[in-house]
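Residue numbers (this note's numbering), protein chains in the order written: chain A, 1 to 196; chain W, 1 to 208; chain B, 1 to 276.
Hints are not guaranteed to be accurate.
Once the Cα atoms are required to be at most 27 angstroms apart in a straight line, the calculated DSSO-like pairs of lysine-lysine come out as [what the hints assert, rightly or not]:
#1 Lys2/A <-> Lys159/B
#2 Lys61/W <-> Lys93/A
#3 Lys2/A <-> Lys162/B
#4 Lys239/B <-> Lys40/B
It is worth saying that the hints were derived from the structure and are not from the lab.
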Amino acid sequence: MKPGLAVDLFVLVAVSFITIYFIAKSHDKKYYLRNIAGLEAIEEAVGRATEMDKIVHFIPGITGLNNSRSAVTFSGLEVLNYVSRTVANYGAKLLVTIRNVMVLPVAQEVVRNAYSSIGKINSFDYNSVQFLTDNQFAYATAVRSILQEGQVAANIMVGSFFAESLMITESRTSCRGDSDRWNYQRNPASFFYYYL
Amino acid sequence: MNRNNLFLGITVIITLTTLVAGFFDLSIFNTISANLVNWSVVIGLVALATAIISLMRMHVKRIMTRRREWFYSLYFIVVFTAVCSIGLIYSSRGQPFMYVVNNILVPLSTTIYSLLGLWMATAAYRAFRVRSIDSTILLVTGIIVLLGSTSFGAAISPVFARITIFIRLIPTTAASRGILISGGLGAIALGIRILLGVERGHIPGQSK
Amino acid sequence: MKYLINIDHRIIYILVIISITLPLIAPLNLPVDASEEVTKIYQKIDSLMPGDTVLLLISYAAQNEVEMKSQSDSVISHLFSKEGIKIVSAALVESGNIYLNQYMSSYASEYQKEAGRDFVNLGFVYGGEVAVANLANDIHQAAPADSDGNLLADLEMMKNIKDGSDFDLVINFGATQLWSIVRYITDVYNVDLVSGIEAVFAIRFLPYYVSGQLDGYLNGLVGAAGYESLIGIRGPASKHMDPLSSSSMLIIVLIIVGNISYLVEKRQKFSDRSAR
C-alpha cells in the first residue's frame, strides 16, 4: 500500500460499509425524513408554469462531474430527474441551462430518462437542455437574459453555486409576475427557488 | 448482456480500478488508471466540441426563425468565429489574440465581477438587522470582521484585528471543517450508490 | 426614519461608487500590515536556497485579475529575485495561461533568467483536477513539451524533475484547483504549499491552513497589499486598500443606520400598540 494512506483507506472502507448497511436497511424500514419545503414547492411551481403556459427553468449547478463538487452536481441532477418527471406529467415546458460541458450529455440523458419513465418520450426535446457558456459570469448574464425575457414562470436552482447565483437571483427584482419568493440555502449545495 | 448492465459494469470496473490504483502501488492498475485519466481529458474535449456544436445550432436556429432579438445570436456567432479565427491564425500567444484578451475579455469580466460589490452592499444593508439573537450575533461579528480587515480598524484599535484573527481561526475554521468533512462523506456515499447501481439516472435507458 | 429602513438600492450604489472613487482620486495612503499567513509565504520564499525547485501554478480567471495579479506580481517578482532557484510553471485554466506567459516573459527579462536553464513554462495543462494528478505523478507525461515546443526530455533542468516529490515548494494562485494540489501533491509528497486565494474563497481553505497542509496564503487584495509591504513597495494592491477600506466603512455605516432606524420604528410600533 502507498505510504500515509492507511487511515484514508480505513475511513473509506468504514464509511462505505455504513452506507451499504443503511442502503440495505432502507428497503425494510421507513426512515423519517423531514419535509424540505423547497422540494414540496416544486410541484406547485410546475403547476403554475403549466397554467401560465410558461417555462420551468432549471440549473443543476455550475461545477462539473470530475472535481470535488461532483457529489453536489449529482444531487442537482437527481432533483432534475424529479423536476423533469413532474414537468412531463403536467405537460409543461422545461429549459435546463448548463455551464459545464461534461454535465450537458448527462443532463440530457437524465431528462430523457425521466420523460421515458412515464411514457412521454415523444414530448422530450433535446433542445430543452442547452449549454450556454463556460465562463461563470457570462453564464449568469445569459441566464438573467433568459429570465428577463418573460417566458420563464419558475426558476429552480439546485446544485453547486458561487457568486453568480447572487447575480441570477437579483434578476427577480426586475422581472414581472408573481412576487412570491422562497429561498433555502445550505452549504455545500445551494438550493434556490423562486417564482417570477 | 443487457445494455444497461453493460454501462453499469463499465462504471463499476473503472471506479474500482481507479480506487485500487489510488491506494496500492500495483503497476498494472497504475498504468490502467493513468490511461483512464488521460481518456477523461479526451472525453472532456469531445464534450466541449459537442457543446459548441449544440450552442451554434441553437443560435443559428434563432437567426433563421427570426426569434425575438435574433440579432444577438448573429452577433454571438460573428464574435465567436472572429476570436476563434484570430486564435487559430495568430496563435493564442500572438499579439492580436492578446489584444482581444487584454482589451475586451479582461475589462468585461472584471466589470461584471465588480457589480457583485454593489449587490453585496445592498444585501449587507438589508440582511444585517437586529431581528433576533442570532442575527444580532451575525451583525456584531460582521462589523468586527469588516473593521479588522481594513486599515481603518487597525487605526481605531488593534483589538479588532486580533478578534478577527480569532474568529477566522477558531469558529470559522471549525464550521468550514464540518462542511468539508460532510462534503467528503457525501461524495463517498454517492460513489457507493453509483457502484451499487442505485444511482442510474446518467445511464441511458434507466428510469426510476 | 421609514426612508432610512428602506434606502433605495440606487442610492446605495451611488454611495458605494463614490466611496471607491474618492480615495482613488485623493489617496489616503493608509498604512498596510502583513498578517501572519502572509509573512509565512514571504519567509518560505526567502528561505529558498540555490538549487531548490519551485512549482508555480496559475489557476485564476480574468474576472479576478485585480486582486490576483497584484498577488502574483509581488510574489513572482520576489521569487525571481532569488538566485539559483529552478521554476517549473503551468496554468491550470485557459485564462491563467495568458497571465503566466506575461509573467514568465517580463520577469525573465527583468531578472535575466533563461528559459530551459532557470525556468520551464509548461503552458496550459488541460484537465483541471486530472491535470494536477498527472503533474504530480509524472510531469513528463502530463506535459511532454514546454510552451515553446521544446521537449522536456531535452531540457537540462528537467532531467531531475519527474514528479511532485522533486519540488521543494509549490506556489499556487487561484482557488480553483487548490483542493487538488493539497490532495495530489502536498499530502502525497509532503511538499510545502503556499497559495494566493481570491477573497471570496479564502474562508474555505482555513482548515488546510490551520492543519498545516497550506503553509501560508494571501487573502485577496489585503494579502497582496501585505506582501507588497514586506517586499518594500507600495504597489497597486496597497493603493487599492484605500477604496477597499472606505467602502467597508460605508457598509458599516449603512448597517448601523439601517439598524437604528429599524429599532426606532419597532419601538414606535410597540408604543402605538400599547397606547391603543
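For each hint, the structure was consulted:
1. Taken as a hint, the Lys2/A and Lys159/B pair is honoured in the structure, with Cα atoms around 25 angstroms apart against an allowance of 27 angstroms.
2. For the suggested pair Lys61/W and Lys93/A, the alpha carbons sit about 19 angstroms apart, so the restraint of at most 27 angstroms is met.
3. With a C-alpha separation of about 18 angstroms, the suggested pairing of Lys2/A with Lys162/B holds against the 27 angstroms cut-off.
4. With a C-alpha separation of about 23 angstroms, the suggested pair Lys239/B and Lys40/B falls inside the 27 angstroms cut-off, and the hint holds.
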